[in-house]
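S.K.: Under my numbering, think of the first position of the sequence shown as 312, with each following residue one higher.
Keep in mind the hints are simulated off the structure, nothing from the lab.
Built from N, CA and C at the ideal position, the CB exists for glycine as well.
Take these hints with a grain of salt, some might be off.
[Said to hold, decoys possible] Straight-line alpha carbon distances no greater than 30 Å define the calculated DSBU-like cross-link-like pairs of lysine-lysine that follow:
(1) Lys456 x Lys403
(2) Lys378 x Lys403
(3) Lys516 x Lys378
(4) Lys363 x Lys403
(5) Lys343 x Lys403
(6) Lys516 x Lys343
(7) Lys456 x Lys363
(8) Lys486 x Lys360
(9) Lys348 x Lys456
(10) Lys343 x Lys478
(11) Lys348 x Lys360
(12) Lys321 x Lys456
(13) Lys343 x Lys456
(14) Lys360 x Lys343
(15) Lys516 x Lys486
(16) Lys321 x Lys378
(17) Lys478 x Lys363
(18) Lys456 x Lys360
(19) Lys378 x Lys360
[What the hints assert, rightly or not] Derived DEER-like restraints, expressed as beta-carbon distance ranges:
(20) His515 x Leu439: 34 to 40 Å
(21) Phe514 x Ala457: 20 to 26 Å
(22) Asp477 x Ala513: 21 to 27 Å
(23) Ser346 x Thr396: 29 to 35 Å
(24) Gln432 x Lys456: 20 to 26 Å
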Amino acid sequence: MNKTPDSPSKMGIIILAAGMSRRMKGTHKLLKNLSGKPLIYHTVAPFIKADKQDIFIVTGYQASAIKTALSDYNLHFIHNPDFETGMASAIKIAITQLRHYYDHLMMSLGDIPFIAADDIQNLSHAHLARSPSPYNITRARFAGKAGHPVIWGAAYFDELCVLEGDKGAQSLLEKYQTDIHYHEMSSAACVTDYDQQEDFDAFHKK
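Let the sequences and hints guide you as you build the complete structure.
M.R.: Following this line, the structure appears as structure tokens:
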């Protein structure tokens, strides 16, 4: 069931799960099995464990199946009808709907599972420690490699709402690279996505 926020809150969580999994050649990566659960389930689980209340899943391709996979959780859903145009459309619709409720929005990808709940909490705390400045971007990093989640202050919402294409917010991360504060995470999970069959095969061989 779709929900909307009841009142303003400091930080909202956006998990992008609208893509078409083109690299998987007909199989939806977010619905593929990992340890008995769909990939998207493992992506969302640590945000729930971190006691994040305002979690919004942006759906698109196979939206009903994504919702079913997450039925154990109390989540908010935003549907992106333009999911075929790329990731930017998912970001735009989420930011447009949520920008008036939150001062900061944490954004992550549906195909990056197993991030530790403590890392999510610490990332959030690190970002909010630099508030109330709206010119504040905090990005997860491990061993020198930047990853997800990324937390955006309100100063960037206007530009996030006019993104185009399939590269997400990469152009803004490059434009405002001097505004980014990197937060070191405890494992490589924040930089490990499951984009193709080889990634799943490697997981099951562990």
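S.K.: All the hints need checking, so say for each whether the structure fits it.
M.R.: Against the structure, the hints:
1. Lys456 x Lys403: This hinted pair holds, its Cα atoms lying about 26 Å apart.
2. Lys378 x Lys403: holds (20 Å)
3. Lys516 x Lys378: holds (28 Å)
4. Lys363 x Lys403: Holds, at roughly 22 Å.
5. Lys343 x Lys403: With a Cα-Cα distance of about 26 Å, the restraint between Lys343 and Lys403 holds, given a limit of 30 Å.
6. Lys516 x Lys343: holds (15 Å)
7. Lys456 x Lys363: With Cα atoms ~25 Å apart, Lys456 and Lys363 stay inside 30 Å; holds.
8. Lys486 x Lys360: Given pair Lys486, Lys360 is violated - Cα atoms ~33 Å apart, limit 30 Å.
9. Lys348 x Lys456: holds (28 Å)
10. Lys343 x Lys478: holds (23 Å)
11. Lys348 x Lys360: holds (16 Å)
12. Lys321 x Lys456: holds (28 Å)
13. Lys343 x Lys456: holds (26 Å)
14. Lys360 x Lys343: Judged against 30 Å, a Cα distance of about 22 Å means the pair holds.
15. Lys516 x Lys486: Between Lys516 and Lys486 the Cα gap is close to 39 Å, so the pair fails against 30 Å, i.e. violated.
16. Lys321 x Lys378: Holds: Lys321 and Lys378 sit about 25 Å apart, inside 30 Å.
17. Lys478 x Lys363: Holds, because 27 Å separates the two Cα atoms, which is no more than 30 Å.
18. Lys456 x Lys360: With a Cα-Cα distance of about 25 Å, the restraint between Lys456 and Lys360 holds, given a limit of 30 Å.
19. Lys378 x Lys360: holds (19 Å)
20. His515 x Leu439: 34 to 40 Å: Roughly 38 Å apart at Cβ, these two residues keep to the hinted range, so it holds.
21. Phe514 x Ala457: 20 to 26 Å: Hint holds: Cβ distance 22 Å, inside 20 to 26 Å.
22. Asp477 x Ala513: 21 to 27 Å: holds (25 Å)
23. Ser346 x Thr396: 29 to 35 Å: At 33 Å between Cβs, range holds.
24. Gln432 x Lys456: 20 to 26 Å: holds (21 Å)
This entry does not satisfy hints 8 and 15, going by the numbered hints stated previously.
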